[in-house]
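Enquirer: Sequence:
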Amino acid sequence: MASPAPDIQELRAIIARHKRRDYIFAVCGILALMIGVLTFTALFADMAIKGVPRLDWDFFTNFPSRKPERAGILSAWVGSTLVMLVTAAVAVPLGIGAGIYLEEYAPKNWLTDIIEINITNLAGVPSIVYGLPALGRFVYRLGFATRILRGGLHLGFSFFR
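661 is the number that the working numbering gives to position 60 of the sequence shown; each next residue is one higher, with no gaps.
Hints are not guaranteed to be accurate.
Simulated restraints on C-beta separations [what the hints assert, rightly or not]:
#1 A617 <-> G700: 53 to 61 Å
#2 D714 <-> R738: 23 to 31 Å
#3 A646 <-> W678: 19 to 27 Å
#4 D647 <-> R738: 36 to 44 Å
#5 P654 <-> A617: 53 to 61 Å
#6 M648 <-> D714: 45 to 53 Å
#7 L723 <-> Y624: 40 to 48 Å
#8 Y702 <-> V730: 21 to 29 Å
#9 I674 <-> P694: 29 to 37 Å
#10 W678 <-> I650: 23 to 31 Å
#11 I715 <-> D647: 50 to 58 Å
Straight-line Cα separation of at most 20 Å, EDC-like style, residue types lysine to aspartate or glutamate; simulated pairs [as the list claims (entries may be wrong)]:
#12 K651 <-> E670
#13 K620 <-> D608
#14 K668 <-> D657
Source of the hints: derived by calculation from the structure; they are not laboratory data.
Note that beta-carbon positions come from the ideal geometry of N, C-alpha and C, so glycine has one too.
Let's have the full structure, built from the sequences with the hints guiding it.
Expert: Written out as structure tokens, the structure is:
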């Protein structure tokens, strides 16, 4: 035989108990968030207070050096800029060309459906996953020793995905 339905008072007690649990969970979540935000703020403030006085024009315009007072980041800036230029030169034409071709000229068949599905799926894959295949493709197979070209092609093809 089925148990009798709980009366209205029992239902109200159950709902009140659930609301208390929800409130406690929300308070614990907000406290955890505040602890994380305060920790991050303290670390960032400490880094800024100690680091900003050391930033000067020489730091940005000098090359790396064994002497800390003469060390700079110019080579890192130049290298990053060159890699991004190669990346843009590869990714923009390939991406725009592929998009125009698939949308305007490619016949609608099973192959274009597979290509579109792969493009959609690859958009969710982190770029770091492409690191080892790019190393194998551009360094070992094609013999690219130039790091700027290798990095730019890798990033260009990973943005193209």
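Enquirer: Hint by hint, note whether the structure agrees.
Expert: Evaluation of the provided hints:
1. For the pair A617 and G700, the supplied restraint of 53 to 61 Å holds, since their beta-carbon distance comes to about 56 Å.
2. Take D714 and R738: their Cβ atoms lie about 26 Å apart, and the range 23 to 31 Å holds.
3. Checked against the hint of 19 to 27 Å, the pair A646 and W678 passes, with Cβ atoms roughly 26 Å apart.
4. Taking the beta carbon of each, D647 and R738 are about 43 Å apart, inside 36 to 44 Å as hinted.
5. For P654 paired with A617, a C-beta distance near 57 Å keeps the hint of 53 to 61 Å intact.
6. At roughly 50 Å, the beta-carbon separation of M648 and D714 lies within the given 45 to 53 Å, and the hint holds.
7. Under the hint 40 to 48 Å, the C-beta atoms of L723 and Y624, about 43 Å apart, fit the expected range.
8. A beta carbon spacing of about 25 Å between Y702 and V730 agrees with the range 21 to 29 Å that was offered as a hint.
9. For I674 and P694, the Cβ-Cβ distance of about 31 Å falls inside the hinted range of 29 to 37 Å, so the restraint holds.
10. Taking 23 to 31 Å as the suggested C-beta distance range, the pair W678 and I650 conforms, at roughly 24 Å.
11. The supplied range of 50 to 58 Å is met by I715 and D647, whose beta-carbon atoms lie about 52 Å from each other.
12. Of the pairs offered as hints, the one joining K651 and E670 holds, with about 16 Å between alpha carbons and a cut-off of 20 Å not exceeded.
13. Our distance criterion of 20 Å between C-alpha atoms is met by K620 and D608, whose separation comes to about 19 Å.
14. Taking the CA atoms of K668 and D657, the gap is near 16 Å; set against the 20 Å cutoff, the hint holds.
No hint from the list above goes unmet by this structure.
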